[in-house]
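As you go down the protein sequences, you meet chains A and B in turn. Position 96 of the first sequence, counting from 1, maps to 96 under the numbering used here, and the rest follow consecutively. Going from the second sequence to the numbering used here is simple: count from 1 and add 241.
Read the hints as simulated data drawn from the structure, not as lab findings. Errors might be hidden in some of the hints.
Unchecked claim - Pairs of lysine-lysine residues, derived as DSBU-like cross-links and limited to a Cα-Cα distance of at most 35 Å, are as follows:
#1 K393(B) with K508(B)
#2 K90(A) with K204(A)
#3 K636(B) with K49(A)
#4 K204(A) with K146(A)
#5 K90(A) with K636(B)
#6 K467(B) with K432(B)
#7 K143(A) with K467(B)
#8 K432(B) with K357(B)
#9 K248(B) with K157(A)
#10 K357(B) with K102(A)
#11 K357(B) with K143(A)
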Amino acid sequence: MEKQSYQRCRMSLQKGKKPIIELVDVWKIYRINEIEVPALRGLSMRIYKGEFVAVMGPSGSGKSTLMNMIGCLDVPTRGRIFLDGRDISKLEENELAQIRGKKIGFVFQKFNLMPSLTALENVMLPMTFQDIPRFQREDTAMKLLKRVGLEKRIHHKPSELSGGEQQRVAIARALANDPEVILADEPTGNLDSRMGTEIMEMLKDLNKSDGKTIVIVTHDLNLSRYAERIVHIMDGKIIED
Amino acid sequence: MLQDYLKFALSGIMHRSLRSYLTTIGIFVGIMAVVALISLGQGLQNVIDYQFKKIGSNRVLISPGGGGVEQMAMSGYTAAKLDDSDLRIVRNVRGVEYAVGIVMATGKINIKGKTKFAPVLALPTDARTTDFLKEFDYFIVEQGRYLKEDDKFSAIVAPNLGIDLFDREIEIGDKIFIEDREFSVVGIQKKTGNPFHDMKIVIPLETGEEIFNKTDYSLISARVKKGYEPADVADDIKKKLRRHRHVKENEEDFSVETAENVVGVLKNVLGVVQIVLVGIAAISLIVGGIGIMTTMYTSILERTRQIGIMKAIGARNSDILTIFLIESGLLGLAGGIIGTLLGLAISKSVELIAAEYGLEIFRAYISIELIIGALGFSFIVGCISGFLPARRASKMNPVDALRY
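Full structure from sequences and hints, please.
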């Protein structure tokens with residue numbers, strides 16, 4: 001196994017690809033009642049453009065923290081994170097917001113759509129925050145919803161959609177600003193297996209046909225078979241890659 | 242962009258409609274008070290200005306007692322008296338063109354067996370006085386004629402007297418009894434919109450003095466010649482009357498006032514009333530604002546996760562701040578709309594009630610500036626109340642917010 005991933009890693013290097021995300025000796029230490037709890041302990045990794053990576057590990061292993069770091073939701077206590085060559089570990093929240101809005105698309109376990117907005121408006125929202133003019137937003141959002149097969153449901157609110165449909169809206173939303181990376185946190189966790197497969201096929205297609213970098217965080221071994229690279233994490237460190 | 246946030250904020254409000262409605266109640270009471278206050282206040286101001294015009298800027302009024310017209314109106318009684326000798330003094334003051342002494346009393350009026358009480362003014366009937374009086378709206382005869390020098394038991398009746406007190410129109414030639422003496426109606430006075438002047442009866446001075454057994458004047462009205470300043474003439478009258486009546490300065494048992502003084506007194510009263518109402522309005526706006534603040538804090542707490550999502554998909558702090566400020570502003574505006582409508586309804590009702598009581602010159606002041614101003618103000622109150630909650634929302638950490 002170790003040999004396999006080493007080879008895969010080398011293959012990527014051999015292709016001469018640039019890493020889209022690079023973590024260098026990243027530490028994240030939470031302070032809870034004066035006690036320091038390290039969630040990541042000097043973790044280093046590279047994710048290359050066009051990769052489909054699954055981050056696996058039991059709960060408490062630090063994989064959510066890792067996801068927050070990759071997703072620019074949080075900055076490390078120590079160490080550096082590069083996104084597309086840019087050091088983001090010392091950026092202010094507003095700058096981080098702009099970067100993640102543009103470069104990263106999130107797909108969450110609980111879908112996390114805005115309940116008061118329609119499917120179309122939900123997909124338009126990330127573009128609104130990037131100051132994209134309305135006609136363009138609407139056009140892009142329509143295309144994306146068509147792509148995930150929801151062109152007939154664009155004016156429905158999340159409460160009027162099934163779980164699978166909601167997750168498809170979430171994928172369309174993740175694609176809104178044409179990001180480099182799609183970051184999915186247990187994307188099938190709230191879906192039945194048929195829906196789950198549908199969603200995973202969709203992500204796989206995005207990886208293959210659009211060349212998007214996909215990072216999924218999961219503890220479900222079934223999902224990991226979609227990935228071409230699996231990173232196991234335990235106690236804030238990579239134990240297998 | 243702002244349009245999108247507006248839509249977004251609106252959908253947020255609609256999503257929690259009951260709480261939103263309840264919150265707006267807090268603000269609408271304040272806005273209602275402000276709108277009614279301005280509408281009525283400005284309406285009263287207009288009445289005062291109108292009265293000022295009617296009294297005429299070149300008038301000086303001399304009344305017995307130290308308190309002036311205001312005190313006379315309030316108590317109606319004073320021990321000091323003004324008589325013919327005082328009138329002569331006033332007429333001889335430089336700058337005074339003409340002056341008239343008026344006897345005022347409440348008379349027992351009897352028409353067709355029904356007895357009521359109404360104000361009776363006894364005025365000289367010579368041609369010069371009649372010309373002098375014609376300049377006042379309050380004494381213009383619309384039907385019939387003015388009093389003539391040889392009139393004795395003739396009366397001019399105000400237009401509302403008959404209907405309001407006796408349930409019947411009074412017409413020219415009708416017989417009425419004042420203090421049990423028979424008078425014939427020779428003229429009907431023009432409607433003025435002032436309840437006092439629309440209910441009064443005017444009779445010849447000598448007749449009035451006789452039936453009321455009064456030889457003193459309730460009021461001396463003087464007209465100032467062109468080119469003289471009414472305030473200066475008033476001072477001069479005061480000086481001459483002091484000498485005549487042997488009283489010291491500041492101990493006068495009479496008052497001399499220009500139209501400006503009289504209006505000034507009314508304006509002061511109006512000012513005090515306005516200050517009180519502004520205070521009430523301010524308190525209710527503060528309470529309403531706190532209501533909005535509470536609702537926004539609750540709303541933000543509930544939507545912590547949504548705030549996290551918005552931040553995850555690229556919302557800057559300023560985007561979140563704007564969204565929540567607009568939301569609280571809209572809550573304020575919603576209250577403002579209801580408040581403005583009710584405020585205008587109140588002042589319009591007051592106008593109708595005032596008209597019912599004969600004060601027909603009173604008009605509630607309603608203008609587009611007032612409405613836009615009130616709505617803008619309520620939006621701003623909403624924004625101010627929502628600022629702290631919105632700022633808290635904007636500063637949330639996305640990781641913590643997503644975990645909520």
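_Tell me the numbers of any earlier hints that the structure contravenes, in ascending order._
As far as the earlier hints go, 1, 7, 10 and 11 are violated by this structure, in ascending order.
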